[in-house]
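Undergrad: Below are the chains, spelled out letter by letter.
Protein chains: 2
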Amino acid sequence: VITTGLAPVRLAADGQSVRIIDQRRLPEELVYRDLASADEVIDAIRTLAVRGAPAIGIAGAAGLAVAIRTFAHAHPDAVGAQVMETLSSIGARIAGARPTAVNLGWAVDRCLAAARGAAESASTIAAAVAAEARRILDEDLEMGAAIATHALAILPDHFCILTHCNTGSLATGGAGTALAPVYAAHAVGRSVTVFATETRPLLQGSRLTAWELHNAGIPVTVIPDGAAASLLRSGRVDAVLVGADRIAANGDVANKVGTYAIAIAARRHGVPFHVLAPRSTIDASTARGHMIEIELRARDELAQLGGRTLLADGIGVWNPAFDVTPASLVSAIITDGGVHRPPYDFGGSPR
Amino acid sequence: VITTGLAPVRLAADGQSVRIIDQRRLPEELVYRDLASADEVIDAIRTLAVRGAPAIGIAGAAGLAVAIRTFAHAHPDAVGAQVMETLSSIGARIAGARPTAVNLGWAVDRCLAAARGAAESASTIAAAVAAEARRILDEDLEMGAAIATHALAILPDHFCILTHCNTGSLATGGAGTALAPVYAAHAVGRSVTVFATETRPLLQGSRLTAWELHNAGIPVTVIPDGAAASLLRSGRVDAVLVGADRIAANGDVANKVGTYAIAIAARRHGVPFHVLAPRSTIDASTARGHMIEIELRARDELAQLGGRTLLADGIGVWNPAFDVTPASLVSAIITDGGVHRPPYDFGGSPR
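Keeping their order, the protein sequence lines are chains S and E. Its first residue numbered 699, the first sequence is counted upward by one per residue in the numbering used here. Its first residue numbered 699, the second sequence is counted upward by one per residue in the numbering used here.
You may find that some hints are simply not true.
[Unchecked claim] The following residues of chain E were derived to be distant from chain S, with all beta-carbon distances above 10 Å:
no.	residue
1	Ala705
2	Leu728
3	His771
4	Ala779
5	Thr798
6	Ser904
7	Thr919
8	Pro922
9	Ala925
10	Arg931
11	Gly1004
12	Thr1007
[Unchecked claim] Have a look at the derived ranges for each label pair, beta carbon to beta carbon:
no.	chain 1	residue 1	chain 2	residue 2	range
13	E	Ala1010	S	Ala772	42 to 48 Å
14	E	Arg717	S	Pro1040	33 to 39 Å
15	E	Asp1011	S	Glu999	25 to 31 Å
16	E	Pro854	S	Pro917	57 to 63 Å
17	S	Pro917	E	Ala711	27 to 33 Å
18	E	Thr1007	S	His988	37 to 43 Å
19	E	Asp1011	S	Gly815	51 to 57 Å
20	S	Arg1006	E	Asp1011	21 to 27 Å
Derived from the structure by calculation, the hints contain no laboratory data. Cβ atoms here follow ideal geometry from the backbone N, Cα and C, with glycine treated the same way.
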């Protein structure tokens, strides 16, 4: 299992809180916060204190475990149906915290299914949910390692990649998705270098990706988002590696806004464009990318900057958090299940 | 002549200083500064207090006029050759303030040529340079109006454009280049709306373009640079209009970093991609775009943000100010001379 020593999101041993790294405070401060209710978890997800599709799935499951444990303690004699109704209602609120990443709803659904299989008492249901939340974390760590193994099989021995947003430890339970092969290659002494877009507006590239790679001793160079096309033309990049927030059944990929432009430029310059994500990111119920709901984020992410007001009232803002890259531009989708090549068919075996 | 009421750069009536709008202070404050020496003008150009290819050409010429006037006053009896040598040496320093925009060297060269035609005394040479600097400004204003006329002939009656960086009043003597047809259309009551990228790292889009369009009553919406490709896919944009810092003889265009990615996406989605610039931006001595020197700017433009340090020492930065869009992606180059279509041949008449 890949580790950078970071534990971005964990259900506390006593099950009473979710401990997260507050990613809004990075890179200045590595601050942990303990979230003791569903509302605190929802707020942390909405404000991007915890972010990254896999990480918010883990956080959502852990938050549900904390909330139902609190309920079970307050209502030790509640009957199963009442507990399940409460669980479902809290789960729906957590799943609705952000719309685009499929992992959040998927993790909540897994906890609900685990609860249904549990005995009738509130405490056994709470225990089942907590166990499932821990399983989701453990599986995430294993999936990162599997993604790395599959990706390294198709990357050169030594490689230089371009990545966008943050898909490292901080975006997951700790192993990363698109950065998992970077960490794995570095760990065995391969030469690996990374170009990271700064990723406006919230700067996950410069604040998070550069920070965690630099801490791990991996050479990283930050570029403005607008420089990616020139970089791809320069021939210095062996592959683009990005994550995903939701992958449609046909292989269309929703990921951080700006991904689509990079994919177009990568195709123009013959640079492989790979999407790395756990299988849970594939949404079989969404046939094509245009059906994916794209979250629109707050005006202030563009209108305010470090205390400055850049935009007067009356100036419009269009601030989609994600975009959709069509499957035709994706060279491979690399999951813990293997390397998928177009045309994508996730029902079948990976090729 | 188009006017927004802004006078971004002017040679003072007494010829003793260059008055600029300090664009670093926008949008918070509209502050004018009087630059009384070549060194002050060079510093203003380097630090982007005055920016935009046409505007720095005007500023460079005006700065040269101020400097040679000061010299002439200090050395009233200097002979022509000595004055010309001084003029040439100051001109070379001004022309070297920023490497990519051709207009700076072009404006300095015009002033030197005007001086050569002047009489032998220091004061007549100084007067000739000042007159040429004023002519460059006047022509710039006329060129903006001509660019607007030619552009409106190929745009729909009512239109929505996407633009990048700032190509409005602030980038020129006042009429704009890529925004000139926007102002001209608005002035005659056509419906015109603008999407403006924020343009990292220095935010010329949100700080300057949105500010000046909003002040003029033109609806403007700011997007993160990474959202341009999605916007172009959406079908909402009739054309991309951008400026240029240098146009090679074959039609390759150096412009603000990020332009190339927008051009690739525009082609993919069938949106016309037009470059609007005065003829002085065409550099006949540069055959192709890859020969254009691309300025690399300071690390701190990415490493620092509103007082925050985003990048630790040891994290690399690649911060090119410009990129090159190949002529093959440019639908039309619109100058004051007319609408040029590919294959580009600026020796011939515009088609």
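Undergrad: Give a verdict on every hint.
TA: For each hint, the structure was consulted:
| no. | hint | verdict |
| --- | --- | --- |
| 1 | Ala705 | holds (21 Å) |
| 2 | Leu728 | holds (13 Å) |
| 3 | His771 | holds (42 Å) |
| 4 | Ala779 | holds (45 Å) |
| 5 | Thr798 | holds (13 Å) |
| 6 | Ser904 | violated (5 Å) |
| 7 | Thr919 | violated (3 Å) |
| 8 | Pro922 | violated (5 Å) |
| 9 | Ala925 | violated (5 Å) |
| 10 | Arg931 | violated (8 Å) |
| 11 | Gly1004 | violated (1 Å) |
| 12 | Thr1007 | violated (7 Å) |
| 13 | E/Ala1010 x S/Ala772: 42 to 48 Å | holds (46 Å) |
| 14 | E/Arg717 x S/Pro1040: 33 to 39 Å | violated (59 Å) |
| 15 | E/Asp1011 x S/Glu999: 25 to 31 Å | holds (28 Å) |
| 16 | E/Pro854 x S/Pro917: 57 to 63 Å | violated (49 Å) |
| 17 | S/Pro917 x E/Ala711: 27 to 33 Å | violated (55 Å) |
| 18 | E/Thr1007 x S/His988: 37 to 43 Å | holds (40 Å) |
| 19 | E/Asp1011 x S/Gly815: 51 to 57 Å | holds (53 Å) |
| 20 | S/Arg1006 x E/Asp1011: 21 to 27 Å | holds (25 Å) |
The structure fails to meet hints 6, 7, 8, 9, 10, 11, 12, 14, 16, 17 from the earlier list, while all remaining hints are met.
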